[in-house]
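Enquirer: Sequence:
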Amino acid sequence: KTVVIDYSSPNIAKSFSVGHLRSTVIGNSLKLIYEKNGYRVIGINHLGDWGTQFGRMIVAYKKWGNESLIEKNPISELQKLYVKFHDELANHPELEQEGRDAFLKLEQGDPEYIKLWDFFREQSLKEFMEMYDLLNVKFDSFNGEAFYNDKMDRVVKELEEKNLIKEDEGALVVFIGENYPPVLIKRSDGATLYATRDLAALLYRKDTYNFDKILYVVGNEQKLHFESLKKVSDLMGYNFDLVHVNFGLVLQDGKKMSTRTGKYTKLMDVINEAISNAKKAIEEKNPNLENKEEVAKTVGVGAIIFNDLKNERHLDVEYNLEQMVKFEGQTGPYLQYSIVRIFSMLKNVNLNFDLVNYQTYTNDVYFNLVQLIDQFPVVLERAQNENSPSVIARYLLQLAQEFNSFYGKVRILADDQNLLQSNIYLVTAIQTVLIEGLRLLGIGYLEAM
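With the numbering used here applied, the sequence shown covers 133 to 581.
The set of hints was computed from the structure by calculation and includes no laboratory data.
Among the hints, a few may not be true.
[Stated by the list, open to error] Derived DSSO-like pairs: lysine-lysine, alpha-carbon spacing no greater than 27 Å straight-line:
id : residue 1 : residue 2
1  : LYS283    : LYS270
2  : LYS212    : LYS168
3  : LYS212    : LYS458
4  : LYS168    : LYS194
5  : LYS168    : LYS442
6  : LYS429    : LYS412
7  : LYS424    : LYS398
8  : LYS194    : LYS212
9  : LYS363    : LYS298
10 : LYS479    : LYS458
11 : LYS146    : LYS133
12 : LYS247    : LYS237
13 : LYS298    : LYS338
14 : LYS355    : LYS270
None of the values given here were measured: they were computed from a predicted structure.
Just need the whole structure built from these sequences, with the hints factored in.
Expert: Structural data, given as structure tokens:
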């Protein structure tokens, strides 16, 4: 079976927001979970690469832009231009019309303007790719909003043929039920809208990938939009298995965290601070460790991802960069450290399967662990059914806690060979599940830290 997952989807020429980070890590984990469960998965990054803001951006670039500065620091330079455009607007209201005219020329395919738009897109994507590489996130398609420009007429035509379109104050709308506002398909000035574009994308994806299910990993605030999308496509006669995988906000000190107004102007700053906090923690724990930089990167990035995924996705997530990288508590580093503990324990021991004897598992600590390991396939299935990586994250915490309790109560490297080998077998199984569980969340493991 095929599932399409639409996730991440940042806006070109704008900073990657913490909200986009949530969509990215939840979507990436779902991609890995569905693949593990045998699905063919198509990951799509539906870039926000079209809209009237590009008209303003072209005007700003032609007046004040500098190509080499943008190539060095794409997003922040493009954002500066956008801000300058809005600052100048107060004294030069004619800029508004210039922006509209520029967007119109872009829509009509003016070669110079298309080339500029392409430059903005390419430079932004270059910066986004650094982030994706760091997070180890991959996509099968970067077809964004612009890709569907020539595919929307088909939607309007099909809606007309199926008698679903009504005129309302000069605009074309679809009525989907009395508890819902009508869905705008075309404005009175002939411009198509967000819903039309998403319908075009939906039909294109069905034609191209023939999916059995499609997931949209987008914030809670888009609930109505996706309900409307599903209802319109149902009225058209497509009964798609379309799921809005919604999620809450990112908070800092209880308030919505914003890359626009907060301490962090870029998401990269948040990630880099987590990495530097991780490095400090590693320095204290193991000052002689080799390749500290790489270890800190795996720990810091893992800490951010785990902090997000351990929460039920529809709830808001609190960001506390110091707590996140701690090696104790409900954190990613706690799980990574549990794996390291097992590596160091197994360093000088080889597993001899012939000596394993399950009858040596005599007390509750053993039974709890065996039962937990046995639940892993059920956990994977539940995570998929609920489209919720938190099911795996919470299970891994429970498994690591049980293991650490076992580590404290039982002499694992026993003198008796049967007991030793049985313990090693159990501990190896725990390690395998912890590593695979973290992989499904998009988090790496370490052999030493």
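Enquirer: Decide, hint by hint, whether the structure agrees.
Expert: Going down the list of hints, with the structure as the test:
1. LYS283 - LYS270: holds, 26 Å
2. LYS212 - LYS168: violated, 43 Å
3. LYS212 - LYS458: Violated, at roughly 36 Å.
4. LYS168 - LYS194: violated, 49 Å
5. LYS168 - LYS442: holds, 19 Å
6. LYS429 - LYS412: Status holds; Cα separation ~12 Å.
7. LYS424 - LYS398: The hint holds at about 24 Å.
8. LYS194 - LYS212: holds, 14 Å
9. LYS363 - LYS298: holds, 16 Å
10. LYS479 - LYS458: Holds: LYS479 and LYS458 sit about 25 Å apart, inside 27 Å.
11. LYS146 - LYS133: violated, 36 Å
12. LYS247 - LYS237: At roughly 12 Å apart (the allowed maximum being 27 Å), LYS237 and LYS247 satisfy the hint.
13. LYS298 - LYS338: holds, 26 Å
14. LYS355 - LYS270: Satisfied, since the Cα-Cα distance of roughly 26 Å is no more than 27 Å.
The structure shown violates the earlier hints numbered 2, 3, 4 and 11.
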